Amino acid sequence: MAVVLLPGTLAAEAGGQKRFELDASTVGEALRQLPVTNLLFDESGELRRLVNVYVDGVDARGGRLLDEPLSEQSEVRIVGAIAGGS
Amino acid sequence: MAVLLPVGTRKGLFLLSPGHGSSGWEVEGPLLPGWSVFHAIVDPRDGVLYAATNNPFYGATVHRSGDLGKNWDRAEEIGLPEESGLKLNATWHIEPGSDSELWLGGDPGVLFRSDDGGLTWTVNRGLLEHPTRDRWQPGAGGMCCHSIQLVNGTMYIAISAAGAFRSEDGGESWMPINKDVAADFHPEKYPEVGQCVHKLLVHPAKPDRLWQQNHCGVYRSDDRGDNWERLDGNGLPSGFGFGLALDPDDPDVAYVIPEESQEYHYTSEGRLGVYRTDDGGASWELAANGLPDRAWAAVLREGCTFDDGNVYFGTQSGSVWTAPQGVSSWTEAVRDLPPILSVEAAAV
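Chains A and B are the protein sequences, given in the same order.
Positions in the first sequence are counted from 1; adding 9 to them yields the working numbering.
Positions in the second sequence are counted from 1; adding 1105 to them yields the working numbering.
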């Protein structure tokens, strides 16, 4: 089972749960099983621009992003882009 | 019944209620931390608390709570149809409907309706596909549908910068109501649409009377928006501002909080000044007893409200001020909140 870790705001929206163990073969498949899907994807089904996804510590936007394959041991970490200041 | 003030800030929602704090107000929050709360209301029909919530990472949505903020539900996907070519940028204003429905205004100049208590939302096609849409443009805060008023079967909305619109058929169609409302930034000074309305209110006891604080002046209409009279210049230091409040018992009373200019968004004359008219806008007087006389504050379009007894406003510097209608003196209910985006008053 791949593990998906949520940051604080998303975890609050998921009933306080930060860690999910999911049966998924790709990043997209994992993210679409989360109870915060509509916060990760816009109405066109596109991953929101400032949502970054790291698979085992590597930025999935530099790879195949939603099609990035997951293994049983994969750790997927969702991180808001560094866009602070406000 | 007691008053409750839902105060939306850039860093969550706060609930203010009369209590034993040093100012006489208790503060609860932040609720919904991580979310910018553009507007929050308590629905007078059932006591449900709604918040128009926005996050730079996770988009625009609506939260609802049936127990005044202890537990929250989030709306399902709120979006625009793919064929529109538009995407929802922000949720701006929630308004209870005339029956059981709720209305939600958003950016880019869109309106939604919910018939299940804010869980799902359907876009209003009459506005989405309005024949003048290609002449609308975003203001500095985006192309936000920020004012929604319903009275006697008539709906009014206002969008920055598209202007004000009226619907007589429940939102099926929308007629621009911008006659004699200036758009000084526009090649045509008095266009059919494109005005930058900052806030529009209908007087609750005199529904033919509308007030608007505009980018280009303060206006009043006595015929449901068919004609507008520009009111600034009669004691107001500036026609530019955002906040607008009324007195439910007196249709001739209004309050505005002028700002220096469209270029300088802070209160006029280096002070925090509320201006009041009691003659329908023919003249305005400074009503600032208790407010700081050296201040460069700013009050946003949702940051000013009223009820039967009081006027309230919140500043971007995090203070909420209250005064009785008529304004003998202002009291600072709370200070040092995050930048305030909205203030509403509810009886709970």
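Derived from the structure by calculation, the hints contain no laboratory data.
All figures in this text were calculated on a predicted structure; none of them were measured in a lab.
Hints are supplied without guarantee of correctness; some may be wrong.
Below, in silico cross-link-like pairs of lysine-lysine (DSS-like), each with a Cα-Cα straight-line distance of 25 angstroms or less [to be verified]:
no., chain 1, residue 1, chain 2, residue 2
1, B, LYS1284, A, LYS27
2, B, LYS1192, B, LYS1175
3, A, LYS27, B, LYS1175
From the derived model, a few chain A residues whose C-beta atoms are all more than 12 angstroms from chain B [as the list claims (entries may be wrong)]:
no., residue
4, THR18
5, GLU22
6, ARG28
7, ALA33
8, THR35
9, PRO44
10, ASN47
11, ASP51
12, GLU52
13, SER53
14, VAL60
15, ARG70
16, LEU75
17, PRO78
18, GLU84
Every residue, glycine too, gets a C-beta built ideally from N, C-alpha and C.
Quick rundown of the hints versus the structure:
A C-alpha spacing of about 54 angstroms is found between B:LYS1284 and A:LYS27, which places the hinted pair above 25 angstroms, so the restraint is violated. A threshold of 25 angstroms between alpha carbons decides the hint, and for B:LYS1192 with B:LYS1175 the separation of about 31 angstroms lies outside it, so the pair is violated. At most 25 angstroms may separate the alpha-carbon atoms for a hinted pair to count; A:LYS27 and B:LYS1175 meet this at roughly 20 angstroms. Taking the minimum C-beta to C-beta distance to chain B, about 4 angstroms, the non-interface status of A:THR18 is violated against the 12 angstroms cut.
Not every C-beta of chain B lies more than 12 angstroms from that of A:GLU22, the closest at about 6 angstroms, which undercuts listing it as non-interface. The non-interface label for A:ARG28 is consistent with chain B: the shortest C-beta to C-beta separation is roughly 18 angstroms, beyond 12 angstroms. With a cut of 12 angstroms on Cβ distances, A:ALA33 stays outside the contact zone with chain B, its closest approach being about 20 angstroms. Distance to chain B confirms A:THR35 as a non-interface residue, since its nearest Cβ pair spans about 21 angstroms, more than 12 angstroms.
Distance check for A:PRO44 against chain B: the nearest CB is about 9 angstroms away, which does not clear 12 angstroms, and the non-interface claim fails. For A:ASN47, the non-interface assignment is contradicted: its Cβ lies about 4 angstroms from the closest Cβ of chain B, within the 12 angstroms cut-off. Distance check for A:ASP51 against chain B: the nearest CB is about 6 angstroms away, which does not clear 12 angstroms, and the non-interface claim fails. Non-interface call for A:GLU52 relative to chain B: violated, since the shortest CB-CB distance, roughly 2 angstroms, does not exceed 12 angstroms.
The Cβ of A:SER53 sits about 6 angstroms from the closest Cβ of chain B, inside the 12 angstroms cut-off, so the non-interface label is violated. Listed as outside the interface, A:VAL60 is inconsistent with that label: its C-beta sits roughly 6 angstroms from the nearest C-beta of chain B, within the 12 angstroms cut-off. At roughly 14 angstroms, the least C-beta separation between A:ARG70 and chain B is larger than 12 angstroms, which holds for a residue marked as non-interface. Distance check on A:LEU75: its Cβ is at least 17 angstroms (rounded) from any Cβ of chain B, clearing the 12 angstroms threshold; non-interface status holds.
No Cβ of chain B approaches the Cβ of A:PRO78 within 12 angstroms, the least distance being about 25 angstroms, so the stated non-interface status holds. No Cβ of chain B comes within 12 angstroms of the Cβ of A:GLU84; the nearest lies about 20 angstroms off, and the non-interface call holds.
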